[in-house]
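Asks: Sequence:
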Amino acid sequence: MSYVYMGWSAEAMAEDARSHGLEYVQLDPKQKLQVMDDEPFSLVRAEKIRTIFEDYGISVVGLSGYTNLLNPNLQKRENKVNQLEKMIDLCSAYGTRFIATETGSLHPTNAWRDYEGNRSEEAWEQLVSIVDRLRNRAVTKGAILLLEGFALNVLATPEQAARLMERLGTDGLGMIMDPFNYLTQQDLKRQKEAMSNIFDKIAGFSPITHAKDSLYDEDGFTTPRVGTGQSDWNVYAELLATHLPEAPLILEHAEPEEVADCLRLIHQAFENVGVAGKVRKSYGA
Numbered sequence: 000m001s002y003v004y005m006g007w008s009a010e011a012m013a014e015d016a017r018s019h020g021l022e023y024v025q026l027d028p029k030q031k032l033q034v035m036d037d038e039p040f041s042l043v044r045a046e047k048i049r050t051i052f053e054d055y056g057i058s059v060v061g062l063s064g065y066t067n068l069l070n071p072n073l074q075k076r077e078n079k080v081n082q083l084e085k086m087i088d089l090c091s092a093y094g095t096r097f098i099a100t101e102t103g104s105l106h107p108t109n110a111w112r113d114y115e116g117n118r119s120e121e122a123w124e125q126l127v128s129i130v131d132r133l134r135n136r137a138v139t140k141g142a143i144l145l146l147e148g149f150a151l152n153v154l155a156t157p158e159q160a161a162r163l164m165e166r167l168g169t170d171g172l173g174m175i176m177d178p179f180n181y182l183t184q185q186d187l188k189r190q191k192e193a194m195s196n197i198f199d200k201i202a203g204f205s206p207i208t209h210a211k212d213s214l215y216d217e218d219g220f221t222t223p224r225v226g227t228g229q230s231d232w233n234v235y236a237e238l239l240a241t242h243l244p245e246a247p248l249i250l251e252h253a254e255p256e257e258v259a260d261c262l263r264l265i266h267q268a269f270e271n272v273g274v275a276g277k278v279r280k281s282y283g284a
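Numbering (numbering that gives the first Met the number 0), first residue to last: 0 to 284.
Derived from the structure by calculation, the hints contain no laboratory data.
Treat the hints with care, since some could be wrong.
Only pairs whose alpha carbons sit at most 30 Å apart, straight line, appear in this in silico DSSO-like list of lysine-lysine [said to hold, decoys possible]: (1) K140 <-> K29; (2) K29 <-> K75; (3) K188 <-> K140; (4) K140 <-> K191.
Here are the in silico distance ranges between beta carbons for each label pair [stated by the list, open to error]: (5) N271 <-> V127: 36 to 42 Å; (6) T183 <-> V127: 34 to 40 Å; (7) P107 <-> G273: 32 to 38 Å; (8) T183 <-> N72: 24 to 30 Å; (9) E53 <-> R189: 28 to 34 Å; (10) N271 <-> Y2: 37 to 43 Å; (11) S8 <-> S91: 40 to 46 Å; (12) Q267 <-> M5: 25 to 31 Å; (13) A275 <-> E192: 35 to 41 Å; (14) M35 <-> A275: 37 to 43 Å; (15) M5 <-> E84: 20 to 26 Å; (16) G56 <-> R162: 38 to 44 Å; (17) D218 <-> R118: 18 to 24 Å; (18) P71 <-> Q185: 25 to 31 Å.
C-beta atoms are modelled at their ideal positions from N, C-alpha and C, and glycine is treated no differently.
Sequences are here, hints too, so could you generate the full structure?
Replies: In structure tokens:
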């Protein structure tokens with residue numbers, strides 16, 4: 000995730016990422032990268048940034064278009080959806096087909112807190128309508144919208160993700176493989192079963208995978224960097240090797256100085272389950 004290097008120039012980001020052997024970046028076009036930052040949706044800017052990363056042997060695997068698709072403020076919602084459509088239009092200029100977003104929440108002040116309204120049929124139908132609009136835009140641009148569910152959002156379970164894919168189809172639409180977002184407190188007591196279910200439901204629609212963790216504490220549910228939560232990375236590594244052995248694995252929620260330690264923990268997990276030599280796993284941030 001380009002957010003790992005928040006505040007860095009595109010060139011400094013690419014140089015440091017490459018020093019860790021990273022091959023991909025999932026990039027937010029809105030992020031300041033010291034390249035035409037006053038024109039975030041410029042095609043010229045996109046091509047310049049793409050070239051900078053490619054000069055360091057790093058590909059833009061996808062764009063980060065994360066926004067609350069169900070912002071309860073309808074004007075803000077429409078503005079953000081319009082912005083996401085502009086980013087869909089930029090995918091090809093960055094050399095990728097993929098753009099990712101969360102689905103969002105109707106919570107009045109915090110999209111990452113639990114909210115009863117998120118579980119209503121009305122919220123679900125609103126989500127389906129907005130995703131279908133964005134999916135259709137993606138199809139016209141040769142792009143694919145990738146969704147990330149989250150246990151406290153409207154798309155909260157792998158079953159809902161599978162249901163959405165069945166309803167709308169795979170043209171212009173897919174999922175991010177990020178089981179950490181879906182794990183409930185009960186799931187953490189049966190992680191192999193829970194993660195296996197997530198892979199069964201969405202692995203076939205997931206061209207990109209994410210690397211982080213899951214944590215429930217007094218502050219609620221968060222997804223911190225690798226190794227700082229309650230998830231069993233050995234389970235995840237084995238499932239990745241079995242179901243998505245060549246999908247890029249993108250590091251999230253780390254600081255630049257934490258990247259090396261995160262990568263060490265990830266490599267160790269693959270070694271722990273005896274698949275380190277059997278998987279072609281490429282990494283990115």
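Asks: Determine whether the Cβ-Cβ distance between N271 and V127 falls within the hinted range of 36 to 42 Å.
Replies: Since the Cβ atoms of N271 and V127 sit about 40 Å apart, the hinted range of 36 to 42 Å holds.
Asks: Taking 20 to 26 Å as the stated bounds, is the beta-carbon spacing between M5 and E84 within them?
Replies: holds, 24 Å
Asks: Taking the CB of G56 and the CB of R162, does the distance hold inside 38 to 44 Å?
Replies: holds, 39 Å
Asks: The hint says 18 to 24 Å between D218 and R118; measuring C-beta to C-beta, is that right?
Replies: holds, 22 Å
Asks: Is 24 to 30 Å respected by the C-beta to C-beta distance linking T183 and N72?
Replies: holds, 28 Å
Asks: Is the straight-line distance between the alpha-carbon of K188 and that of K140 30 Å or less?
Replies: violated, 43 Å
Asks: Given a hint of 34 to 40 Å, does the C-beta separation of T183 and V127 actually sit inside it?
Replies: violated, 23 Å
Asks: Does the Cβ pair M35, A275 satisfy 37 to 43 Å?
Replies: holds, 41 Å
Asks: Is the distance from the Cβ of P71 to the Cβ of Q185 consistent with 25 to 31 Å?
Replies: holds, 28 Å
Asks: Does the hinted range 40 to 46 Å hold for S8 and S91 at CB?
Replies: violated, 24 Å
Asks: Assess, step by step, whether the Cα of K29 is no farther than 30 Å from the Cα of K75, and give holds or violated.
Replies: holds, 17 Å
Asks: For the pair supplied as a hint, K140 and K191, is the alpha-carbon distance within the 30 Å limit?
Replies: violated, 38 Å
Checked against the numbered hints given earlier, this structure breaks hints 3, 4, 6, 7, 9, 10, 11 and 13; the rest are met.
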